[in-house]
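K.L.:
Now for the letters of each chain:
There are 2 protein chains.
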Amino acid sequence: MSDERRGLLAEKTPFPDDLDDRLHAQLTFLVEIDQLKTILRQSPLAATDRRENDAEHSWHLAMMVVILAEHSDEPIDVGHTIQLVLLHDLVEIYAGDTPLYDSAAGSDQHDREVAAADKLFSLLPADQARRVRLLWDEFEERRTPEAKFAKAMDRLQPLLLNWMARGGTWRTPGVTADDVRARKAVIGEASASLWRAGRRLIDEGETRGWSRRATPQG
Amino acid sequence: MSDERRGLLAEKTPFPDDLDDRLHAQLTFLVEIDQLKTILRQSPLAATDRRENDAEHSWHLAMMVVILAEHSDEPIDVGHTIQLVLLHDLVEIYAGDTPLYDSAAGSDQHDREVAAADKLFSLLPADQARRVRLLWDEFEERRTPEAKFAKAMDRLQPLLLNWMARGGTWRTPGVTADDVRARKAVIGEASASLWRAGRRLIDEGETRGWSRRATPQG
Chain A
1 MSDERRGLLA EKTPFPDDLD DRLHAQLTFL VEIDQLKTIL RQSPLAATDR RENDAEHSWH
61 LAMMVVILAE HSDEPIDVGH TIQLVLLHDL VEIYAGDTPL YDSAAGSDQH DREVAAADKL
121 FSLLPADQAR RVRLLWDEFE ERRTPEAKFA KAMDRLQPLL LNWMARGGTW RTPGVTADDV
181 RARKAVIGEA SASLWRAGRR LIDEGETRGW SRRATPQG
Chain B
1 MSDERRGLLA EKTPFPDDLD DRLHAQLTFL VEIDQLKTIL RQSPLAATDR RENDAEHSWH
61 LAMMVVILAE HSDEPIDVGH TIQLVLLHDL VEIYAGDTPL YDSAAGSDQH DREVAAADKL
121 FSLLPADQAR RVRLLWDEFE ERRTPEAKFA KAMDRLQPLL LNWMARGGTW RTPGVTADDV
181 RARKAVIGEA SASLWRAGRR LIDEGETRGW SRRATPQG
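If you're matching them up, the sequences are chains A and B in order.
Counting in UniProt numbering, the first sequence runs from 1 upward without gaps.
Counting in UniProt numbering, the second sequence runs from 1 upward without gaps.
Hints listed in this document are in silico derivations from the structure and should not be mistaken for laboratory results.
It is possible that part of the hints are untrue.
Note that the list lumps identical chains together, so a pair holds whenever it fits in one copy or between two copies.
Straight-line distance between alpha carbons at most 20 Å, and here's what the computed EDC-like set of lysine to aspartate or glutamate pairs gives [said to hold, decoys possible]: (1) LYS184 / GLU140; (2) LYS119 / ASP18; (3) LYS12 / GLU141; (4) LYS12 / ASP203; (5) LYS184 / ASP118; (6) LYS119 / GLU11.
Please take these sequences and the hints and turn them into a complete structure.
P.N.:
Below, the structure written as structure tokens:
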């Protein structure tokens, strides 16, 4: 067993040796990513009283792409955009979740996530590792219409959950409604109509006292 | 409020009235399906000691389509196949999960799920309700190459989790290795190579005593 394979989830119950090599690598990766179901986010679920995990979040984003794609200001390839959201958080299996309003953890987030991507995607056959890495890089760089829309979903979904929870992570100590608006503004890079709706929810939440008003100036 | 809207999750924290009607319907649906995260399946997770929920399962299937599509015996549209698996279990929000090896619950499963589809998809704007219903029907009918492959993922994923758990639901009282092979054979309608691997895992599991041998005949 090579060093890289030690500690992999699939090694708990190794596959039979006579499985085709390429499929063996693919199944090893698919078992490893089961861990995404254990990475907890800050967001409270709407349906029950617990926090959301990354796999649930990624599924919800994918469904949002299916339903909300028509709101993209630029034409997007729906299937491609779904792939971006499905795998955008995989690196958190090794790098952990970085809360949106935690600027200290955010400072080395990119380096930790790149190292995680190198480690995780290398479980795949080389051609697929390259393809999945390109998709992850595309999401992170936020330049294509698909990546902009995927990122917008990633910001809009917890906003919906916070709305449902009448505050949720908007109540994080030290965070103001202006901070929320600033972090969520990327929605507007993908969709004017969704950002109009998102801002409406943030504004209304502020009015109702679900987020803190900024300290008055002067 | 109309009768249909009573009891909807979104009614717990109603959206502002001035939200665009179409978007209001879409967001109401997207909040309602948060409940998929609370529908527990029988399958044990590989990564931690609890059962899987439907949202996690649906995400995992979607990732399996991304990684395993090349094994389809017929060419498939990956983006379309992913959409089939993302929404195939949504009806369980109202109809509940029906365990694969529970033939009593299986008898009225289709009727319960059709009623659930009628109720859930009608939350969407009419054109989208029709489109989502067509996707769900396509999955259920298992005629297109995409639907066959989607169904194969739905059978292969819990097989992987059972392998990792050294038995899992294969140990359901009264279930034999032959029952498992019979229920999983639809994988072979989509992919000869994946069914060869799946059968290898089932056979090996039987050899190791993780499933029950059929009662010897005669």
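K.L.:
Run the structure past the numbered hints and jot down the numbers of the failing ones, going up.
P.N.:
Checked against the structure, the hints that fail are numbers 2, 3, 5, while the rest are satisfied.
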